[in-house]
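The whole structure should be built from the sequences, with the hints applied where relevant.
In case you want the letters, here they are:
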Amino acid sequence: MTGVLAHGVGSRSDLPIPLFYAYAGAFAALVVSFLALGLLWADSRFRGESAGRVLPVRPPAKVLRIITAVLGAYTLGWLILGPEEGNAAPYLVYVVFWVGLVPASLLFGPVWRLLNPFRLLPDRPRRPLPPRLGHWPAAAGLLVFTWMELVSPEPAAGVTLLLFALLYGGAQLTGTLVYGHAWLERGDPFEVYSTLAGHLAPLGRRADGTVVLRNPFDGLDAIQPAPGLVATVCVLLGSTGYDGFSGAPVWVDALQSGPLGRTGLGTIGLVTAIGVVLLLYVACIGLAGLIGGARDLAPRFAHSLVPIAVGYLIAHYFSLLVIEGQRVAIMTLRLPGEVDQEIVSPATIATVQVGAIVLGHVAGVVAAHDRSVRLLAPARAVAGQIPLFMLMICYTLGGLTLLFAA
Amino acid sequence: MLGCAWVVLVGCGPLSTTHHNPGSSHEVATTSPTAVSGEVRVAITIARGEVSPPSGWVEIKKGAAVALTVTSDVADEVHVHGYDVEADLPAGQATTLRFTADQSGVFEVETHENKLVLTQLAVK
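As they're listed, the protein sequences go chains U and G. Note that this note's numbering has the first sequence beginning at 527, numbered continuously upward. Note that this note's numbering has the second sequence beginning at 27, numbered continuously upward.
If you're looking for bench data, these hints aren't it; they were derived computationally from the structure. Errors might be hidden in some of the hints.
The calculated lysine to aspartate or glutamate pairs, modelled on DMTMM-like cross-linking and capped at a C-alpha distance of 25 Å, are [said to hold, decoys possible]:
| hint | chain 1 | residue 1 | chain 2 | residue 2 |
| --- | --- | --- | --- | --- |
| 1 | G | K150 | U | D779 |
| 2 | G | K141 | U | E610 |
| 3 | G | K87 | U | E868 |
| 4 | G | K88 | G | E65 |
| 5 | G | K150 | U | E864 |
| 6 | G | K88 | G | D110 |
| 7 | G | K88 | U | E864 |
Right, dumping it as structure tokens:
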């Protein structure tokens, strides 16, 4: 495997979406935003944690975690003992685990919490998790993972993946031994990633572990503001944005002919993309607070970026999942046959991409609207939302531009 | 669909107006009906780690025959991703890869040793 390609693995990338799709998506996003501003409810409706119908289900967590531990060991086995060419490990990590966690979480809620093998360790905290730590370790972990996937010189090489496994495993083991399972809930990058996406699932999980069937907007509303939450969401959004940009010929050319070298310039590009997403967010939220007469809003609107980030993730990884997912099955189960790269047509891919970006935008707008009418002064709630909508329109048009132009 | 037509008419790769590959016979393919069955020719030279013309984007109609000629000043190996067409590149000697672009998508053409992206083939 040579790994200059984005996504760590995969041998193709998507064609740019046709201009018509880009315009249709942008138009839909704009219309929905302004309709929302004028027509949506004036009093907050979403009830977060307390919403939903309780389902009498108790998933067999221990069995599932043992199965994940075995699958983890199997992946490590491929990494250590597998051949250099045709190794299934990078596909298991980047396709099944990283990309697969998104649809799994969207369907079944916070699945990595349920599957996390580190939760087999005893929950005996030696000291309480410092509240100020929040999601910062998860944000850092996601940054390292996306750097490995999108920037590192050999994202699919065994050494790279082993080093990451060592770092990840070491951090989770140490964190759990010191802070108990509270660490995993806030510090495990994949648990935070899966839990955030899982808040959009109809199958929700309350803080006390009860499984509920609920409106995804109530689920989204149940995301608790915490230090580092904004950073975590911005890492997801910014890194996916960088992924979209990194294949553009101008950037490829700059990467391989610039004086900084591929990794140096790639790192700058990734960090800049995340920084731009974060700056836009902080600036627009600040403006919303000024207009709406409220302070310290940044963590309390971060939940509205989650559907936008998920829309970006689906748009960028959909074809990888359906095409390279076949390769995983062929390699691990030793199936005959070859990967059908034409299993989905370019038109289907473009439709899914634009649909995901626009749906993410709509969900973000609705979530932000409900939070605005709850937190901002009633007379100024509509005006206060304008900067938030401008922010989301920036993200959405940015996302569509990347799909169209890169 | 309108967008499709627009892109084909304008006939340039996204973000790549300055990187249009002179070796591509793309213009011929869109103007002359007899040239549709003709080969798309792409020629790329690598010297001192620099790709010329600079790494860009070549649009190819699905089903077209592609002839990719690569000359490198050091011995290397060239690989067309997705199609898994590979060839050795002896130093200083032009090597031509021929294949039919029968899968849609964007595919990188890359060298193994130098890890240079020579161009990207956008097959649609």
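Here is what the structure says about each hint:
With a CA separation close to 23 Å, the supplied pair K150(G) and D779(U) stays within the 25 Å bound. Simply put, K141(G) and E610(U) have alpha-carbon atoms about 17 Å apart, close enough for the 25 Å limit, and the pair holds. Taken as a hint, the K87(G) and E868(U) pair is honoured in the structure, with Cα atoms around 15 Å apart against an allowance of 25 Å. For the hint pairing K88(G) with E65(G), the CA-to-CA distance comes to about 12 Å; that is within 25 Å, so the pair holds.
With a C-alpha separation of about 21 Å, the suggested pair K150(G) and E864(U) falls inside the 25 Å cut-off, and the hint holds. Of the supplied pair hints, the one linking K88(G) and D110(G) holds, its CA atoms being roughly 17 Å apart against a limit of 25 Å. Taking the CA atoms of K88(G) and E864(U), the gap is near 20 Å; set against the 25 Å cutoff, the hint holds.
The earlier numbered hints are all upheld by this structure, with none contradicted.
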